[in-house]
Each structure stands twice: as structure tokens, then as C-alpha cells.
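Q: Per my numbering, the very first residue in the sequence shown carries number 103; after that it's consecutive.
Simulated from the structure, these hints should not be mistaken for laboratory data. One or more of the hints may lead you astray.
Stated by the list, open to error - Restraint-style ranges between C-beta atoms, simulated for each label pair: (1) Lys294 <-> Leu107: 24 to 32 Å; (2) Ser259 <-> Val105: 21 to 29 Å; (3) Gly177 <-> Thr152: 15 to 23 Å; (4) Arg238 <-> Phe110: 36 to 44 Å; (5) Phe110 <-> Val236: 35 to 43 Å.
Keep in mind that this is a model prediction, so the values were computed, not measured. The beta-carbon is built from N, C-alpha and C at its ideal position, and this holds for glycine as well.
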Amino acid sequence: MVVALTWFVSYLIGAISFSYLMTKKIKKVDIRQLGSGNAGATNTQRVLGTGPAVTVLLLDVAKGIVAVVLARLLGLDDWAAAAAGLFAILGHNWPVYYGFRGGKGVATTIGVFAVLNVIPTLLAGIITIIVIAVTRYVSLGSLLLITVTPFMTYFYSQDSLSLLIVECLIMVLSYWQHRTNISRLIKGEESKLGQSKKTS
């Protein structure tokens, strides 16, 4: 019962869309109707600029952190705490408050991974920042981070197989959310950081 309730609360926390709320506050518009149509930090940067985008990024990361920390405070096992993070990501992607249209969950995933094991996440994050700086493809860097971190965490800390399975589910979910980005990357049509979005 405690596990199910924690997962439900984690979903509700994740479902708070800071990009939607901030864009509504500043521009009085729905961010999902602008730019890429995605309710996340990258589209916030396109619509509102760098400052608001950084704020959204940090708040979305915090959602993942809060979900996992809450689960741990309630005494849940690592895999169940990771699953709480997964539910926060699901909330971000399909928020009940906003018609189940949200973002892609990368920032919230970073928060989840960081709490589960900070060193591998930090190392993967450094690699990701370098890749984004060189290529200016945020989606490529995001996919790299989400792919590398679970396996780096597993081999670094020898975490349980059940925890790795949950982390891999998060990875697969992210790939599904980025399927159009992957297609555009393969075709060489993906928009770069700072470039206006031509397709959603």
C-alpha cells in the first residue's frame, strides 16, 4: 500500500509542468502551441530565453529528486525508489493536470539518476555537455546521457539487477519519447540548440 501510494504521489509531483506554468505566466500562452510543441526546458529556451529555461530545467530535475528521496525516506527498496522516479517521469510526460500532454522527461530523469547514484550521473552529464557543446544537438546529448548512465551506475556500484531493469525501462521510455528526434538525427534534419524549430 505504501509503495503504490508513493508511486501515485510521485506521478502527481511529476505532472506539475513548470514550462507550461512559466510560459502562461510570462507570455499568457500555452508553450505546447509554440516552438516544438514540447513542454520542457529546450522549448522554453526557444520561447522564453535562457534564464527561464534554466529555471525550468532545475525545477524539472527537482521533481525526479523529490520522488526518489520521498520513496527512500519511506523505507522503500532501491528498485521501488527508482520506480517512484519512473512514475514522476510518466507524470511529466503525460500530466493529468494538462490533458496528458507534457514533455519528454529528460530533466526529471536526470534528477532520478542523480539520486540513485550521483557519480556515474555526473560523469555521464559531463560527457553529455561536451557532446551538446560540440554538436549543438540537445536530443543527441540527452539520449547519450540516458543510455550511458544506467550501465555506468550498475558497473560502478554493483547495484541490483532489479534496479538496473527499472533504469532500463526509463531509458526505453526516453527513446520512445525521442523517436521523432532520432528519425531527424538520422536524416540530418534535427534542429540545433539556438535554432528555430521547423517541425514538431
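Q: Run every hint past the structure and note whether it holds.
A: Structure-based check of all given hints:
1. Checked against the given bound of 24 to 32 Å, the beta carbons of Lys294 and Leu107, roughly 43 Å apart, lie outside it.
2. In this structure, Ser259 and Val105 meet the distance hint of 21 to 29 Å, their C-beta atoms being roughly 23 Å apart.
3. At about 40 Å, the CB distance of Gly177 to Thr152 disagrees with the hint of 15 to 23 Å.
4. Between Arg238 and Phe110 the beta carbons are some 39 Å apart, a value that agrees with the proposed interval 36 to 44 Å.
5. The hinted window of 35 to 43 Å between Phe110 and Val236 holds, with their beta carbons roughly 41 Å apart.
Hint compliance for this structure: hints 1, 3 are broken, all remaining hints hold.
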